[in-house]
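Residue numbers (the numbering used here), protein chains in the order written: chain E, 1 to 674; chain A, 675 to 1014.
Incorrect hints may have been included.
[Unchecked claim] To spell it out: a stretch of chain A is covered by chain E in this simulated footprint if at least three of its residues, at any positions, have a beta carbon under 8 Å from a beta carbon of chain E; those stretches are:
id: 1; stretch: 729-735
id: 2; stretch: 738-745
id: 3; stretch: 828-841
id: 4; stretch: 873-882
Since the hints were made in silico from the structure, they are not lab data. The beta carbon of each residue, even a glycine, is placed where N, CA and C say it ideally should be.
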Amino acid sequence: MHLMKIGRVLLGFIIGAVAGVVLLLALRLFLGMPVMAANPWPMVALATTTGLIGLMLGIEPSLGLARGLAGMVLGFALGLILVHFVRMLLGMDPVWNPEPAWVTGAILGSLGFLLGVGVVSDWLKWTDGRETPLQDGPPAGKPAWVRYFGPDQNHKVIGVQYTVTGILLLGTAGSFAMIFRTELSKAGIQFLPADLFNTFISIHGIVMIASILLGVGGLMNYLVPLMLGARDMAFPRLNSFGFWVSVPGAILIVLALFFGGWDTGWTGYAPLSVRGPLGIDFFMLGVFIFGFSSILGAVNLIATVVGMRAPGMSMFRMPIFVWASLATSLIQLTGTQLIALSFLMVVLERIFNMGFFDPASGGKVLLFQHLFWFYSHPAVYIFILPGLGIISELLPVFARKPLFGYKWIALSSMAIAIIGFLVWAHHMFTSGMSESLRVPFMYSTMLVAVPTGVKFFSWLGTMWRGKLTFPTPMLFVLTSIAVFLIGGLTGPPLATVPTDLHLHDSYYVVGHFHATMFGGFVFPFFAALYFWFPKITGRMYNERLGQVHWFFQTVGFYTMSLFMMRAGLLGMRRRIVDYDPALGVEGFQTVVTWAGWIIFFSVLIGVFNLVWSAYRGKVAEPNPWGSRSPEWQIPSPVPEHNYEEPFEVVGDPYDYGVPGSVYVKMEPEPAPSS
Amino acid sequence: MKHGMIVGAIIAVVSAAMIYWMRTIQWMPVQAASEAQSIDWLFGLHIDVITFLYVLVNGILIYSIFAFRRKKGEEDAVGANLHGNTKLEIAWTVIPLITVLFFAYLGTLVLNDISAAAADELEVKVTARQWSWSFEYPEAGVKSTELYLPVDRKVKLSMVSEDVIHSFWAPEFRVKMDTVPGITTTLRITPSREGTYKVRCAELCGTAHAAMLGTIRVVSAEEFEQWLQGKQAPTNPADLSEEELVTLGASTADAAGCLACHSVDGSKSVGPTWQGLFGAERTLADGSTVVADENYIRESILDPKAKTVAGFPDIMPTNYGETLSDLDIAALIAYIRSLK
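Same shape as in the complex, but just chain E (with noise of 0.2 Å):
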């Protein structure tokens, strides 16, 4: 049998790069191209990607991933052909001309890939008028492995999905993070010419954002239905949609790389790019439709937690965690479209020279870094509000102690949403904006900095006469305070305008954006997957390692952040290969390296210890922090359609050490379900 297995997968790895040689010549052939090419790569990698296809679907035939991909690399070759032909018929000089014909195999593929993945399939049996009943377990006759790869509509097979591409999408990050933090260690160019430094910057910002996109939308994915007491989200088959539609987008930027990168960073700025290589299309192309996964993972959330609370749970009996989500969801939900169409009004001055950014042609070169930011500030707290919510969540149960402020805190959240949404313009006080816009968006930023101020002092009167205990997920919590309030306490300097004359564009703000995101998201993250560790597979990680990672990661981002920001004091720009010597930045610039260094190795082991404990660790009671939150009244690893029954919600979360007091009340439970 093991044999018979193998020579399947052998055999579609050949058919799949075989396959892959023949549609790379044909379409050579169809395009009017030389067959045989000087450059080997293209055929290299075209084979490469078709035989790991082929493999993956030796391995196992209904693989959605693998049908996504084969989709999608038919929908390349379609889109591929048809501008060709449609130019051809246009009578177009020259007929081949690689833009519009990659835009359009870019946009075909994406579609492509849904549609092989299978997130459309039961929505076009509607079309049809058939019926599709909702997904109850794995599929039939398969390994339980495989509904991981497919579009599974289970809310926690989506939150790993979520999750585990969100940690991928930070190793790969984080690597190009590496290759340009090694040659930023020391002046002069030691290895990486300048292009390709301005591309690898550019994909370390996007990736990264994808990533933390990701793993927001994991954490909200698994979480929310549980505190909830649903059984679910609202709508499962758009859950999964909403994933999947992240992955062509995040293959898209990817591929920039190998399409001439890009040189304007991950902000976009026309008119750079528009004048930018065909890595552009990629990489705006990308976003956009990767953006629809936070726009409908928003809808399902906002659906869900207005209509499937359990009884008994008012709004300000949710858990605190589901506020934030909320908050969340709803920027997600309404300022996603504004980078879209920043990116999609960029496409379309490359392709079809609509100067909306040209002044020539009457266009204005500032309306893309308004619409840019209009997102792309509420954007940020997208990135935060979850982790800050985290933290909220985390803490009454590590200090034995209600939530202080709850009411506040909720609040809080909704407070940042809003006002983040009027404060976009402080990215652009030194872009040549009227003059007029200066004072008033110094005052609104300033502003977020007092709901902000109530999270803080709201967690610090949570410890205050507690009784604390300090495991991982713990030391993860209060290290996102330490370094979210670095990240914050160095954002007012940037809100002032004079001061912003100097700290724009440079070093400094290198410095308080990682602060800002590390406290925000990349600690409180690594925080609930240790804490939710054992309630998700049912095994407990490993205490000593987790230490061990927290404190490097801890450790080596606390030296970079404060480092990063002298630089930047003492007049180094962000952004640039090369820094001038005389600056006297080089020690600062070789301790951010080491500091970099030290994260990377530091995340390395966490990740091997989650992966590792999966499989391997000591298995966990069903409650072993003896939270009150309603995912921990159930077994581990988490029922497939979670609770047996409805729960009601009989007093408030956060009543730690207050005798008698329930939150939750449980039907008793049947003997735990394997």
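Please arrange chain A on chain E, whose structure you already have, making use of the hints.
Chain A in isolation, oriented as in the chain E frame:
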């Protein structure tokens, strides 16, 4: 409350010490503009408050870790049953609100102060392009690749870009402003310290963004006038020795942005290296060859598109004819000739 008093005392002492210590650190580059004074003052105030809040939050955090940890034998112990405190919530909403609004107000005052026009301000036009700066003094009818400024006189920079967004920033002056295609942006600076500084492009503008530097020379009012006159009636290159020309050429190459794309040590860059260039044979993009003599180099500076070297992009700025004098060009040629 005992805990409150202890932690309050710790915070008071530590924050005072730390605020003092932070003030001894030289965070910023030297102040070379009067604007730097008010900006640094405001920044210093920010640091004071930031330091205090840093100590406050971390102090309570760390104190809690020790004072409120669960000790051995307390496995079932719980924390105090505090749900909240409305008075405290209001206090820590209102006080930060007043503080941030106050800082925004101070920011407005400083911004108005540093943006104000002066009656006798000097007007200079700044042009940015991938990847060099050029400057024009409209009143004197002078163009230059270096920004000469008289000390203690406000200058109004009117800035344009020929291609993509760039940004004018000299850290010693603190203030910066983008240059944006299609509009003219304004930046006012009052240099207060004689010396040589670098303007560093502060908005990612393509391949050689990191190297897009220009030279600013802040000089006395007399020296500035002399320089202006010198530019209006430039020196005859024949009046300088070869050595003087080479020295001038080296600094011109730096100031005019040539070194952003041309290396002098043979290393590969955006444009061809100058090492060993003079007198060598070059293959052009159209396949023909040419010897890189004085005429070739002069033509390449004034009309880069006439002959482009194979293997390099055709992106050299085409306006050096306007900003470089005959002396500058002779000096550059001498410098290139000296690079064996």
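These are the hints, each one checked on the structure:
no.	hint	verdict
1	729-735	holds (count 4)
2	738-745	holds (count 5)
3	828-841	holds (count 4)
4	873-882	holds (count 9)
The structure agrees with every numbered hint stated previously.
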